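With the first letter of the sequence shown counted as 1, position 30 gets the number 30 in UniProt numbering; the numbers rise by one all the way through.
Rather than coming from a laboratory, the hints here were simulated on the basis of the structure.
Treat the numbers as computed from the prediction; the structure is a model and nothing was measured.
Ideal Cβ placement from N, Cα and C applies to all residues, glycine included.
Treat the hints with care, as some may be off.
[Claimed, not checked] Taking lysine-lysine pairs in the DSS-like style, the calculated list, with each CA pair at most 25 Å apart, reads:
| # | residue 1 | residue 2 |
| --- | --- | --- |
| 1 | 41 | 31 |
| 2 | 41 | 59 |
| 3 | 69 | 31 |
| 4 | 31 | 14 |
| 5 | 69 | 59 |
| 6 | 14 | 69 |
| 7 | 31 | 59 |
[Stated by the list, open to error] The following label-pair restraints were derived from C-beta to C-beta distances:
| # | residue 1 | residue 2 | range |
| --- | --- | --- | --- |
| 8 | 69 | 23 | 16 to 26 Å |
| 9 | 6 | 67 | 22 to 32 Å |
| 10 | 51 | 24 | 30 to 40 Å |
| 11 | 56 | 16 | 36 to 46 Å |
| 12 | 66 | 29 | 26 to 36 Å |
| 13 | 25 | 68 | 16 to 26 Å |
| 14 | 41 | 7 | 20 to 30 Å |
| 15 | 23 | 64 | 35 to 45 Å |
| 16 | 25 | 63 | 22 to 32 Å |
| 17 | 32 | 5 | 34 to 44 Å |
| 18 | 14 | 44 | 13 to 23 Å |
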Amino acid sequence: MSTILSLAPQNVWKHFYSLTQIPRPSGHLEKVTEFLVNFGKGLGLETFVDEVGNVIIRKPATPGMENRKG
């Protein structure tokens, strides 16, 4: 296992490590797409794959921050 899992914030690097363990040769992104879609939907977030294959995960703004620029 990699030292990546000891980096902070651990929750971020844990998910990044899981993502890196999925084989995804050029032109064969089905498994990584499925992983990301399941990740987003598992969090209850709006998740979909667009017409060119990008995985889109949308998280609503924190209440009171909807119009914040940045």
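Verification of the supplied hints:
no. : hint                : in the structure
1   : 41 - 31             : holds (15 Å)
2   : 41 - 59             : holds (11 Å)
3   : 69 - 31             : violated (35 Å)
4   : 31 - 14             : holds (18 Å)
5   : 69 - 59             : holds (16 Å)
6   : 14 - 69             : violated (29 Å)
7   : 31 - 59             : holds (23 Å)
8   : 69 - 23: 16 to 26 Å : violated (40 Å)
9   : 6 - 67: 22 to 32 Å  : violated (38 Å)
10  : 51 - 24: 30 to 40 Å : violated (20 Å)
11  : 56 - 16: 36 to 46 Å : violated (19 Å)
12  : 66 - 29: 26 to 36 Å : holds (33 Å)
13  : 25 - 68: 16 to 26 Å : violated (40 Å)
14  : 41 - 7: 20 to 30 Å  : holds (26 Å)
15  : 23 - 64: 35 to 45 Å : holds (42 Å)
16  : 25 - 63: 22 to 32 Å : violated (42 Å)
17  : 32 - 5: 34 to 44 Å  : violated (19 Å)
18  : 14 - 44: 13 to 23 Å : holds (19 Å)
Checked against the numbered hints above, the structure breaks hints 3, 6, 8, 9, 10, 11, 13, 16 and 17 and satisfies the rest.
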